[in-house]
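Novice: Given next are the chains, with one letter for each unit.
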Amino acid sequence: MSLCIIKAGLLDTIQDGGRWGYQHLGINTNGAMDVYAAGLANALLGKALSEAVIEMQFPAAQICFEQATIIAITGADFSPRINGVAIPLNHPVVVAKGSMLQFVKFLKGTRCYLSLLHSLQVESWLNSSSTNLKIAVGGFEGRRLQKEDVIPFINQYKVEHLLQNVAFALLPWKANDALEKRNKLQVVYGSEWHLLTEEAQHQFQHSFFQITNDADRMGYRLQGPALEFKQHSSLLSSAVNFGTIQALPNGQLIILMADHQTTGGYPKVAHVITADLSLLAQKNTNNTIQFKVTDGATAEEKLVAQQKNLRGLQIACKFRLEELL
Amino acid sequence: MCFFIVPCYKFGTFRFQMHTFHPYSIFPLGDRALTIEFGHVLNEELNEKVLRLFRQLKSKAYPFVVDLLPAYSSLTVYYDVPYLRQHYPLQTAFETMVLGIENLRMEEEALQTEKRLMKVPVCYERSFAPDIEELAKSKNISVEEVIRLHMSKTYRVYLIGFLPGFPYMGEVDERIAMPRREQPRTHVAAGSVGIAGKQTGIYPTTSPGGWQIIGRTPLTLFNQHQTDPVLFSPGDEVQFYSITEDEFVHYQSRTA
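If you read the protein sequences in the order shown, they are chains A and B.
Counted from 1, the first sequence has number 235 at position 235 by the working numbering; the numbering is strictly sequential.
Counted from 1, the second sequence has number 1191 at position 191 by the working numbering; the numbering is strictly sequential.
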């Protein structure tokens, strides 16, 4: 059994925790932009946090479930509906065979995640199902989902008894709304921070930066004061990471996102801390952000706390689900 | 301890061999990776040090090391912060990694370098080399001389980056070194051989790009269906040899 895409969305791809371990071959990690929301969707269904989910932007796909299953939707709020009736985010929903999921209105956030109790049969490449759009591998045929795509389910869970002849039913547990409104992102210094002039360092910490139109899964270009360097040194290309903030030759900044190239030669002035990447992934073109410098130990603690939260939730949901199935 | 606040670099030496010490600096790359830098220059010896350390760490398959990226003169290690904090709760994950790396003993096997010489056929015909005439003209040499100079050296693959399987090789003869195109192309064919500054490289897949294209190889540099999807490895040696357009077509049909 399977799900079927009735109408394609703007950019709906299969993503998971990322294709780690192959950057020495120039193969970047890809993976969910909002790793926390993707993990939350899986946790609510008791699944491994890094399992494959569908990442959607607005307008999102219209999806028909050809078998009863349980879904969880997290991240951006695009007003999800089952057969026209609104369903909540961050809440597992049992859906009947033949039911239709639609997203009718953009409310907040940028990326929404759909996890299903039945795992999706997608292409795993180098231990990951994430879609690499650039070289067209992984996920569903290495591309965004299109009309009439059919994604089969792998496992055989029976969930009909939870429905009792209705189109959908909410399970008795949920998570709190994880989407934050904060626009101050925490960062740690990058290796070329000290090459910025004192004025530029001050500007970086006290100015507003606007996310331009040039913002996608590869990176967000920002518009703000042009930052100046004390000296111009030509750098050899070296590794970068999701969250790395580079200064372009014109002094403007770019933040590298999930589909970034493995290496870069621009000065790295700072890095958005991993725990705040979720917040960044939910920002839109024209949103303004600010940077607040923190230290590495704090950044690590925030990441660990996020992970602990998700793992705790995942274990609790797994037990509760096993009781029901 | 505030190891973590950059730019406060931590200096030290690696003991690769009993009597050889290698200066390096080590600093965080964000909050879940660190970079070990052996120098700031493009240099074969530094790159070899990077690759030795890369091979040693890779062969150990530590559960907390999630990725390794050797570049020209630096190695970046991506690590699992929650794992390290759980197993070594008294210090930051970065501190644990720094201590671990400082106490590494270079192992004998890792010193063995598996040097491969790759011979790469290139068709330098005009139809595959849209920038070769411009390059020859601006350098005041003939197209034949460009080709001869490009084939005259054995190059080293310093780094795989930009695209899956894209080898950054160096260094080309000064007489054919040329900056990237001012207007990058939106479409560079797979197999295109290019020059950017003193580097030469090959596009593994069709992609936008700004390198000066002087030829094309029929070799497949990237194939997702193979267990080893990428042809080149960092540290490989590469020699180019010239083939005709007929040979190019023949080569492709043989390997297709």
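In case anyone wonders, no lab produced these hints; they're calculated from the structure.
Glycine residues also receive a C-beta, built at the ideal position from the N, C-alpha and C atoms.
Mixed in with the good hints, there may be bad ones.
[Said to hold, decoys possible] Computed far set for chain B versus chain A, every beta-carbon distance over 10 Å: (1) T1035; (2) V1081; (3) T1092; (4) L1099; (5) E1125; (6) K1139; (7) R1148; (8) L1149; (9) M1151; (10) K1153; (11) R1175; (12) P1184; (13) S1207.
[As the list claims (entries may be wrong)] In silico lysine to aspartate or glutamate, EDC-like type, Cα no more than 20 Å apart, as pairs: (14) A:K308 <-> B:D1131; (15) A:K302 <-> B:D1131; (16) A:K134 <-> B:D1228; (17) A:K302 <-> B:D1080; (18) B:K1198 <-> B:D1131.
Novice: Give a verdict on every hint.
Specialist: Structure-based check of all given hints:
Taking the minimum C-beta to C-beta distance to chain A, about 6 Å, the non-interface status of B:T1035 is violated against the 10 Å cut. Look at B:V1081: its CB is around 5 Å from the nearest CB on chain A, not clear of 10 Å, so calling it non-interface is violated. Not every C-beta of chain A lies more than 10 Å from that of B:T1092, the closest at about 5 Å, which undercuts listing it as non-interface. Interface exclusion of B:L1099 from chain A stands, the closest Cβ pair being 15 Å apart, more than 10 Å.
Every Cβ of chain A is farther than 10 Å from the Cβ of B:E1125; the closest lies at roughly 27 Å, confirming the non-interface assignment. Every Cβ of chain A is farther than 10 Å from the Cβ of B:K1139; the closest lies at roughly 21 Å, confirming the non-interface assignment. Its beta-carbon lying about 28 Å from the closest one in chain A, B:R1148 satisfies the requirement of being farther than 10 Å from that chain. With a minimum CB-CB distance of about 24 Å to chain A, B:L1149 clears the 10 Å threshold, and the non-interface call stands.
Every Cβ of chain A is farther than 10 Å from the Cβ of B:M1151; the closest lies at roughly 25 Å, confirming the non-interface assignment. At roughly 20 Å from the closest C-beta of chain A, the C-beta of B:K1153 stays outside 10 Å, upholding its exclusion from the interface. Once the 10 Å rule is applied to beta carbons, B:R1175 is consistent with being away from chain A; the minimum gap is 21 Å. The claim that B:P1184 is not at the interface with chain A holds, since no C-beta of that chain comes within 10 Å of its own (minimum 14 Å).
The Cβ of B:S1207 sits about 7 Å from the closest Cβ of chain A, inside the 10 Å cut-off, so the non-interface label is violated. Among the hinted pairs, A:K308 with B:D1131 is inconsistent with the structure: their alpha-carbon atoms are about 55 Å apart, more than 20 Å. This hinted pair does not check out: A:K302 and B:D1131 have alpha carbons roughly 51 Å apart, beyond 20 Å. Pair hint A:K134 plus B:D1228 holds up; C-alpha atoms about 19 Å apart against a cutoff of 20 Å.
Taking the CA atoms of A:K302 and B:D1080, the gap is near 14 Å; set against the 20 Å cutoff, the hint holds. Distance restraint check for B:K1198 and B:D1131: the Cα-Cα separation of roughly 16 Å lies within the 20 Å cut-off, and the hinted pair is therefore satisfied.
Consistency with the previously given hints fails for numbers 1, 2, 3, 13, 14 and 15, ordered from lowest to highest.
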